[in-house]
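Whenever a hint applies, use it, and build me the whole structure from the sequences.
Residue numbers (our numbering), protein chains in the order written: chain H, 1 to 140; chain X, 141 to 280; chain P, 281 to 367; chain Z, 368 to 454.
Keep in mind the hints are simulated off the structure, nothing from the lab. Predicted model, so just to flag it, every value in this text is computed and none were measured. Every residue, glycine too, gets a C-beta built ideally from N, C-alpha and C. A hint or two may mislead.
Unchecked claim - The calculated label-pair distances, taken between Cβ atoms and stated as ranges, are:
#	chain 1	residue 1	chain 2	residue 2	range
1	Z	GLN434	X	GLY166	45 to 53 angstroms
2	X	VAL229	P	SER348	49 to 57 angstroms
3	P	SER348	X	GLU214	22 to 30 angstroms
Stated by the list, open to error - Below, a list of computed lysine-lysine pairs in the DSS-like style, where the Cα atoms sit at most 27 angstroms apart:
#	chain 1	residue 1	chain 2	residue 2
4	X	LYS185	X	LYS276
5	X	LYS217	H	LYS45
6	X	LYS185	H	LYS44
7	Z	LYS388	X	LYS266
8	X	LYS276	X	LYS258
9	P	LYS301	H	LYS118
10	P	LYS301	H	LYS71
11	P	LYS301	H	LYS77
12	Z	LYS388	X	LYS200
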Amino acid sequence: MPSDWVLITHDRLESYNASQLVYDEGAGATSVFVGTTRDHYNGKKVLRLEYEAYVPMAEKEIRLLCVEIRKRWELKKLAIGHRLGVVPVGEASVFIAASSVHRTEAILAVHFGIDRLKARVPIWKKEVYEDGSTWKQNAE
Amino acid sequence: MPSDWVLITHDRLESYNASQLVYDEGAGATSVFVGTTRDHYNGKKVLRLEYEAYVPMAEKEIRLLCVEIRKRWELKKLAIGHRLGVVPVGEASVFIAASSVHRTEAILAVHFGIDRLKARVPIWKKEVYEDGSTWKQNAE
Amino acid sequence: GIPGMQIQVLFFASSREIAGKDREWLELEEGTSIEAFVQLLFTRYPRLAALRDSMMVSVNLEYASPQSQEALRHGDEVAIIPPVSGG
Amino acid sequence: GIPGMQIQVLFFASSREIAGKDREWLELEEGTSIEAFVQLLFTRYPRLAALRDSMMVSVNLEYASPQSQEALRHGDEVAIIPPVSGG
Numbered sequence: 001m002p003s004d005w006v007l008i009t010h011d012r013l014e015s016y017n018a019s020q021l022v023y024d025e026g027a028g029a030t031s032v033f034v035g036t037t038r039d040h041y042n043g044k045k046v047l048r049l050e051y052e053a054y055v056p057m058a059e060k061e062i063r064l065l066c067v068e069i070r071k072r073w074e075l076k077k078l079a080i081g082h083r084l085g086v087v088p089v090g091e092a093s094v095f096i097a098a099s100s101v102h103r104t105e106a107i108l109a110v111h112f113g114i115d116r117l118k119a120r121v122p123i124w125k126k127e128v129y130e131d132g133s134t135w136k137q138n139a140e
Numbered sequence: 141m142p143s144d145w146v147l148i149t150h151d152r153l154e155s156y157n158a159s160q161l162v163y164d165e166g167a168g169a170t171s172v173f174v175g176t177t178r179d180h181y182n183g184k185k186v187l188r189l190e191y192e193a194y195v196p197m198a199e200k201e202i203r204l205l206c207v208e209i210r211k212r213w214e215l216k217k218l219a220i221g222h223r224l225g226v227v228p229v230g231e232a233s234v235f236i237a238a239s240s241v242h243r244t245e246a247i248l249a250v251h252f253g254i255d256r257l258k259a260r261v262p263i264w265k266k267e268v269y270e271d272g273s274t275w276k277q278n279a280e
Numbered sequence: 281g282i283p284g285m286q287i288q289v290l291f292f293a294s295s296r297e298i299a300g301k302d303r304e305w306l307e308l309e310e311g312t313s314i315e316a317f318v319q320l321l322f323t324r325y326p327r328l329a330a331l332r333d334s335m336m337v338s339v340n341l342e343y344a345s346p347q348s349q350e351a352l353r354h355g356d357e358v359a360i361i362p363p364v365s366g367g
Numbered sequence: 368g369i370p371g372m373q374i375q376v377l378f379f380a381s382s383r384e385i386a387g388k389d390r391e392w393l394e395l396e397e398g399t400s401i402e403a404f405v406q407l408l409f410t411r412y413p414r415l416a417a418l419r420d421s422m423m424v425s426v427n428l429e430y431a432s433p434q435s436q437e438a439l440r441h442g443d444e445v446a447i448i449p450p451v452s453g454g
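In structure tokens form, the structure reads like this:
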């Protein structure tokens with residue numbers, strides 16, 4: 001089983017080139033999803049998001065997710081990064097990247113991966129507005 | 141209707157940062173697909189791919205594809221680039237990037253986009269092996 | 281007295297703000313179930329009960345139902361997991 | 368004689384290699400259909416007929432069926448489109 005690149009960090013995810021992390025000479029396809037802080041949530045202007053995690057469990061759940069993804073799709077490489085702490089508007093909070101021989105595997109793996117990560121991994125996001133803040137609940 | 145970024149070029153696509161091309165403060169999600177030349181096709185070692193296009197029609201078809209994608213999914217920005225000429229192993233021949241408020245739109249738009257591009261846009265790929273070459277036919 | 285056991289509970293996100301702390305050690309009777317432990321936390325921090333229908337718990341990094349009858353053991357690390365919102 | 372019209376045909380990929388050129392102008396009878404034009408090309412370049420069941424054509428950048436009965440017009444640009452393989 002190839003090893004997967006997993007990182008939970010307080011640093012900027014922009015330091016990492018997600019496509020390069022999953023580069024493989026045998027791959028014809030690379031799929032990347034990046035989640036960023038957007039400027040509005042529910043019609044309110046957002047100043048920033050603040051993420052916290054149950055770090056050891058989040059790492060374990062992301063590793064399990066990698067195993068689950070690889071059971072479903074034949075991939076070359078797989079990388080998942082999540083940022084914690086304050087994430088200003090326009091900066092990335094999460095990315096998932098996968099490479100595969102053909103395109104379908106990488107695309108479906110990334111789609112499934114971000115859905116499962118949002119549903120299962122113990123990470124929480126607080127939305128900070130000009131007039132207060134609220135803990136978000138993933139429901140999309 | 142926001143304008144889409146479309147490019148058919150003989151230059152390296154690595155000069156472009158696909159995520160940045162679709163950056164939008166209002167977007168919470170960015171999805172990118174990159175197709176690269178892999179080192180083997182049908183079990184044979186590949187030296188390079190050579191792409192040619194019916195350029196004005198390929199540009200027109202990609203523009204139509206952008207319109208079709210935007211009819212189906214609410215996107216912030218959309219970018220499609222395709223390289224022509226020799227593409228060595230490991231380098232990108234195509235990318236599609238989309239940004240949207242929520243993740244599903246960008247992910248499905250990119251998936252649909254690469255499928256349709258491969259099915260409809262008049263671009264052809266020749267696989268060059270050590271012992272000859274063949275024109276590929278998309279069938280995946 | 282009844283022999284006791286030490287359980288560490290971790291609070292995150294809204295549960296952390298309600299508890300006013302991110303972790304504490306509690307002494308429980310041997311054999312206390314996950315459900316009984318969660319009820320005890322609702323008594324200790326009444327506003328936590330607002331999470332009753334949406335929260336999960338974990339025991340030693342494994343998800344568990346807050347209604348689980350499974351017994352906790354000395355040294356277990358239990359986390360209160362409000363609805364997650366990563367990504 | 369019958370009034371003629373000039374049609375430009377473009378060849379790509381395998382059809383370009385078969386024709387040995389990437390474009391040429393051909394003179395046709397007025398009212399020649401797309402299908403008749405394609406048949407003429409198969410006569411002119413017999414190996415092109417290998418693409419009969421897989422190729423498309425385009426007329427002025429619009430896809431058309433090689434079996435179309437639509438008439439070509441003077442100055443039309445017709446392209447032979449072997450199975451595409453972009454991406």
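Now for the hints, and whether the structure bears them out:
Taking 45 to 53 angstroms as the suggested C-beta distance range, the pair Z:GLN434 and X:GLY166 conforms, at roughly 48 angstroms. Separation of X:VAL229 from P:SER348 is about 53 angstroms and conforms to the stated range, judged on CB atoms against 49 to 57 angstroms. Distance hint check for P:SER348 and X:GLU214: the Cβ-Cβ separation is about 42 angstroms, which falls outside the suggested range of 22 to 30 angstroms. Annotation: proposed proximity of X:LYS185 to X:LYS276 holds, straight-line Cα distance about 15 angstroms (limit 27 angstroms).
The straight-line distance between the Cα atoms of X:LYS217 and H:LYS45 is roughly 20 angstroms, inside the 27 angstroms bound, and the hint therefore holds. Proximity of X:LYS185 to H:LYS44 is assessed by CA-CA distance (about 54 angstroms); at most 27 angstroms being required, the pair is judged violated. The straight-line distance between the Cα atoms of Z:LYS388 and X:LYS266 is roughly 17 angstroms, inside the 27 angstroms bound, and the hint therefore holds. Our distance criterion of 27 angstroms between C-alpha atoms is met by X:LYS276 and X:LYS258, whose separation comes to about 11 angstroms.
Under the criterion of a C-alpha separation no larger than 27 angstroms, the hint pairing P:LYS301 with H:LYS118 is consistent with the structure, at around 25 angstroms. For the suggested pair P:LYS301 and H:LYS71, the alpha carbons sit about 39 angstroms apart, so the restraint of at most 27 angstroms is broken. A threshold of 27 angstroms between alpha carbons decides the hint, and for P:LYS301 with H:LYS77 the separation of about 40 angstroms lies outside it, so the pair is violated. At roughly 24 angstroms between alpha-carbon atoms, Z:LYS388 and X:LYS200 fall within 27 angstroms of each other, so this suggested pair holds.
Violated hints, listed in ascending order, are 3, 6, 10, 11; each of the other numbered hints is respected by the structure.
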